[in-house]
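Novice: The lines below spell out each chain.
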Amino acid sequence: MNPASDLRFPGLETRIKVIGIGGAGARIVERVWRRELPGLAYAVINTDAPPPSPVPNVCWLDVRRRPARGAAPTGRAGGPTALDEHAPTLRGFVEGTDVIFLVAGLGGMTGTELAPPVAQLARETGARVLAFVVTPFPCESTRRQQLARSGLAALRAAADGVLCLPNEALGKILAPDTRLTEAFRRSDDLLVEGLCGVWRLLTRSGPLEIHLADLCAQLGGPDTENALATAEAAGPDRARDLVTQLNAHPVFDQGTMLDGAESILVSFVGSEDLTMAQIQQVMELVHNRCGQTPVSLGAALDPALTERLTVTVISTRCGRTTPASPTDRSTRPAAETVPAAGPDVEVDHELVGSPTRVAESSGGTTVAVNARPRAGASPPARKMAPRLRQVALPLDIQAKSRFDKSEPTLHKGQNLDQPTYIRRRMVLN
Amino acid sequence: MFDATNIIVGLEIGTSKVCALVGETNAEGAVNIIGLGQQPSHGVRKGEIIEPARAEEAVRRAIVEAEHMADVEIGSVYLGVTGGHIRSFNNRGMHPVCSADREITSEDVEDVVKNAKAINLPADHSLLHTIRQDFLVDGQERIPDPVGMLGARLEVDMHVIHGNTNRLQNAARLVKGMQLEVEEIVFNGLAASLAVLTPEQKELGAVVIDLGGGTTDYVVYVHGHIRHSGVLAVGGDHITNDLVHGLRLSQADAEELKVKHGGALPAAPGDSPTVALCDGAGRPHKVLNREHFRTIMAVRVEEIFQLIAQDLEDAGLLGDLAAGVFLCGGGARIPEVARLCERVLSLPTFLARAGSLGGLKSALDQPEFATAIGLVKYGAFKQRKQARRMGSLAQSLRQTVGQFLRF
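So the sequence lines, in the order shown, correspond to chains A and B.
FYI, the numbering for the first sequence is 1 to 429, going by the numbering used here.
FYI, the numbering for the second sequence is 1001 to 1407, going by the numbering used here.
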């Protein structure tokens, strides 16, 4: 480990290791490795063979099943077995670490299967586990999305904190004719930035430090939803540029990330001439959006960041997941009506998202709606269940119908005509 | 002005009800309530008239009912107004004492009051009230009457309440269109505080919160004078609306639910988990989750108090209110609303009672009529002041003519 002088008390610095699982995890770990952040060690758990020449600081675990001949690398029942073989190596890698950053893309096979057990194993050896995951694009198949959801739930139970980057958030910033590879690269970008942001948060020292325990306390819990947004700006006007960048961040989304948050964490890392005014300018953005929410503020200095300022914002929401996207909602009722439609009809729904999202997947992943009744089993007159699509209720518009003719009561940016329980995102169940 | 009728009528065109209260002054100046007309209001939202035709109908009916009960013909009213556009602030006027012996005369007092009334209002706003507070003589505060004192600099604080001219005149125009004269336009909150607070409570410092159907008006008294007033355009209607959307009810069902089963605090653990709405025959036709219902309602009522608390804190008044909070208006009927208010504002809270008026006990006891009672009291007070002025004018006239004749 590099005894870098800018780390916190030498000897007491936070030891962090990064484990990437699956194809996406491996990709992202490679990019983080390229950044050469001091003090990190990496491991990759994937179904590919390790690179021919050993890469410094990277431990490679190949989890392909031995009798693999064109078959899936980790079958439904095969996942845990594959990990058991490598468990000792993994334990050795994790031994003595304070935090493990687990990176995986959910929805596929390796990442979704192995991330929860790896997290479990790492926790058993005494390390804290922060998982950085991406969920599939809306146009990817329903099965991937279902897998992603179940993987996310399992990971939430197994890890200390899960920071999920929903790829559908990228829909806002990607042009309709973006290439598929470009879209995935942008998604990787965001995750890499986020990971670096959290690394800086934990390792850079400064007047206001955020400790690992506090971070895990905020992120942890089986039902919490965390969102992560990082931004960086340089130059004399960096505070203002930072605000613009943050607003343009697809996850931050002009501040909707902060709505309904139970707690917010903001960490600034800047050069030695970090000023109160710069912090104020960015914090104003947060306070305007939500004055009542508790905000933890961290400020650290990194001499390597001359004339630059970076901010990492993490917002935590508790309780049920946010209202699902149109595709999400429709998958569940579809899955439930399949048995109801009768045992003879095998319905294969691959639902299409909203028109704008279909346009993104111009890379050749065509999506179609099929309903294939098994040959000869059922009378051909039986129709398939109608495509269920439940759009989000237009609560905003209806909620002030009684007050349509009068002037809306506005107070500090809030429309008081809207029901209070909706504005405070209170969950009634 | 010269006629001898001592009938004072207060008219409040509210969001949930229109109320006309008839009062009669006797020789000693005490006021008796002799008539009350009340109708459900239509076409009024958030305290302001948005559909004049429907509102006029309701007002007409209320006036007729009041006339019947009091057995008088109503010619003029004191009209209560409110609305989110109403603002208030304190203005200070200064006047140097010019006389050689530095004695403050009543002319000095008149001058300083005139100076204090020189205010800059926004272009589309007009004055509603200027209420004189205490004087300051050479910086010494809380002088009630400086005439006869010695000093170099005389100042006075005025509390100014103003509102959008057009919106204030809307209500007045409606009333005038019914062949009724508008004696004066009065701010509802001010009227409610006149009805509800005793001079002792005003001296100790108190805030009156009128929880109405369309708006919540509040007025703060410190050291016996109005220090701050405001209107929050959120009221009982908003609670009903929240229930309509939270529980998927119709407007009527939500209103009934709120009135019959509502409360300011979330459901206690011992209550039954559901609440049933009964139809006309008493059979339950809708069963709802009590916790959801009470949560939605409690959160809205709490927000109202929180907004008022924030305003009072910004004005720096929370420490001066020894007598506490007095709640009136329909919202004061919500069970445990006083407890919630106490929790949010950290001040002792009481349900207000209108006092020092005789007459219809049924009217006086109900919190919804606090504003109308206050309007009548305001009218009585104004008429007494005028009578005194007329009396002194008549007296001086008699003296002058007498002198003439004696010549």
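Calculated from the structure, these hints are not laboratory results.
If you're wondering where the values come from, they're calculated on a predicted model, not measured in any experiment.
One or more hints might be untrue.
[To be verified] Mimicking DSS-like on lysine-lysine, the simulated pairs with C-alpha atoms at most 25 Å apart in a straight line are:
| hint | chain 1 | residue 1 | chain 2 | residue 2 |
| --- | --- | --- | --- | --- |
| 1 | B | K1361 | B | K1382 |
| 2 | B | K1117 | B | K1382 |
| 3 | B | K1382 | B | K1260 |
| 4 | B | K1202 | B | K1176 |
| 5 | B | K1260 | A | K405 |
| 6 | A | K405 | B | K1017 |
| 7 | B | K1176 | B | K1017 |
| 8 | B | K1286 | B | K1117 |
| 9 | A | K405 | B | K1286 |
[To be verified] Covered stretches of chain B, going by a simulated chain A footprint (3 or more residues, C-beta under 8 Å):
| hint | region |
| --- | --- |
| 10 | 1113-1124 |
| 11 | 1230-1239 |
| 12 | 1295-1301 |
| 13 | 1320-1333 |
[Claimed, not checked] Calculated from the model, a selection of chain A residues having no Cβ within reach of chain B, i.e. all distances over 10 Å:
| hint | residue |
| --- | --- |
| 14 | E124 |
| 15 | A169 |
| 16 | D188 |
| 17 | V243 |
| 18 | T275 |
| 19 | F403 |
Note that CB positions come from ideal geometry on N, CA and C, so glycine has one too.
Novice: Could you tell me which of the numbered hints above are not met by this structure, giving the numbers in increasing order?
Specialist: Structure breaks hints 3, 4, 5, 8, 9, 10, 13, 19.
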